Amino acid sequence: MDLSLLANLAYIVSAALFILGLKMLGSPSTARRGNMLSALGMLIAIIAALTNEGIVNFQWIIVGVVIGAIIGATASRLVAMTAMPEMVALFNGSGGAASLLVGWATLYGSADVPTFTAFTILLAILIGGVTFSGSLIAYGKLSETINSAALVFPGQRIFNSLLLLALFGCGVMACLNPTPESPWIYAVLGLSLLLGIMAVIPIGGADMPVVISLLNSYSGLAACAAGFAINNNILIVAGSLVGASGIILTNIMCKAMNRSLVNVLFSGFGAVKQGKAIEGEVKPLSVEDAYYILEAASNVCFVPGYGMAVAQAQHVVKELGELLESNGAEVSYAIHPVAGRMPGHMNVLLAEADVPYEQLV
Numbered sequence: 017m018d019l020s021l022l023a024n025l026a027y028i029v030s031a032a033l034f035i036l037g038l039k040m041l042g043s044p045s046t047a048r049r050g051n052m053l054s055a056l057g058m059l060i061a062i063i064a065a066l067t068n069e070g071i072v073n074f075q076w077i078i079v080g081v082v083i084g085a086i087i088g089a090t091a092s093r094l095v096a097m098t099a100m101p102e103m104v105a106l107f108n109g110s111g112g113a114a115s116l117l118v119g120w121a122t123l124y125g126s127a128d129v130p131t132f133t134a135f136t137i138l139l140a141i142l143i144g145g146v147t148f149s150g151s152l153i154a155y156g157k158l159s160e161t162i163n164s165a166a167l168v169f170p171g172q173r174i175f176n177s178l179l180l181l182a183l184f185g186c187g188v189m190a191c192l193n194p195t196p197e198s199p200w201i202y203a204v205l206g207l208s209l210l211l212g213i214m215a216v217i218p219i220g221g222a223d224m225p226v227v228i229s230l231l232n233s234y235s236g237l238a239a240c241a242a243g244f245a246i247n248n249n250i251l252i253v254a255g256s257l258v259g260a261s262g263i264i265l266t267n268i269m270c271k272a273m274n275r276s277l278v279n280v281l282f283s284g285f286g287a288v289k290q291g292k293a294i295e296g297e298v299k300p301l302s303v304e305d306a307y308y309i310l311e312a313a314s315n316v317c318f319v320p321g322y323g324m325a326v327a328q329a330q331h332v333v334k335e336l337g338e339l340l341e342s343n344g345a346e347v348s349y350a351i352h353p354v355a356g357r358m359p360g361h362m363n364v365l366l367a368e369a370d371v372p373y374e375q376l377v
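Counting from 17, one number per residue, gives the positions in the sequence shown under the working numbering.
Calculated directly from the structure, the hints in this document are not laboratory data. Accuracy of the hints is not assured; some may be wrong.
[Said to hold, decoys possible] Ranges of calculated distance between the beta carbons of each label pair, as one might list FRET restraints: (1) L56 - G344: 41 to 49 Å; (2) P196 - G321: 43 to 51 Å; (3) Y202 - D18: 38 to 46 Å; (4) G323 - Q75: 48 to 56 Å; (5) S20 - L179: 40 to 48 Å; (6) P130 - R173: 30 to 38 Å.
Since this is a predicted model, take the numbers as computed values, not measurements. Idealized CB from N, CA, C, for every residue including glycine.
Go ahead and model the full structure; you've got the sequences and the hints to work with.
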């Protein structure tokens, strides 16, 4: 049987597993199985791509697989659950960088690049560059390696507008001369990296969930563009799924914050306003003290948020909930779509504290 036919059949199976896995990720009780199904689909897609493309030398591929496996296994064991937002930001950036490199490599693989292919290559480089640099800034803000406060300066919107115009002009010129030696390609790469930085620095740490969701969508769109560039069907499907789901999630989160998507994309949101100095004395409150306040309650609903995430207080909240349950109270946890430091952050933290899925509302 023709290898290309077998590869396409494998791609169909992979796409079905991706869709089913994405559906199962919508519920905490089935999320683990959904993740495994998606991983299986990706493994099938990788094997199909390697066998169909007629690769003669697998040495570099094996080296890359080994390095990636070591990094992934090490990160899964050493990175704490509370550091998942930073890891997600790095994953988004890695996806963007991979798409950027795929698009760049495509320029070297063909002497005569058609206009449509050149356009998709530029999209992969542009979106991949924005995702990569933007994700690095998001990682720095989340890990507090850099100042997590919003950075806004006079004329920032004008500068960003000029940057977009320059990027558009360089992109048009690069499409007219799609060669690896073209200076316009390097200009698109540099401007896209700068645009990613400028897009994220005006956003404060408390608004990072929206940024992470948006960058996740960008990484999918970059992968989709790379799929068109190299004519790989499963890459187009997977990128489209990630891009579409990320945009949908971003829209849901924007509505939950009473913001429009246009406002998120084109205005410096999350700016930190100067507040009044805090006066008074901080009075610590133990779990027992909080329990005595709520002792008479028959129904208690916790609403965890950014403060609990930063303070890493999920175990204390779980302990308080257990005390209330032992007293006969009904305990539940209301999860806001934008709570925490990344999409689904509260679910991750409460799962780490062994809060039952049934109590999440």
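Quick rundown of the hints versus the structure:
A beta carbon spacing of about 45 Å between L56 and G344 agrees with the range 41 to 49 Å that was offered as a hint. For P196 and G321, the Cβ-Cβ distance of about 48 Å falls inside the hinted range of 43 to 51 Å, so the restraint holds. Separated by about 40 Å at the C-beta atoms, Y202 and D18 satisfy the suggested range of 38 to 46 Å. In this structure the supplied range 48 to 56 Å holds for G323 paired with Q75, their Cβ-Cβ distance being about 50 Å.
The hinted range of 40 to 48 Å is satisfied by S20 and L179, whose Cβ atoms lie roughly 42 Å apart. At roughly 36 Å, the beta carbons of P130 and R173 sit within the given window of 30 to 38 Å.
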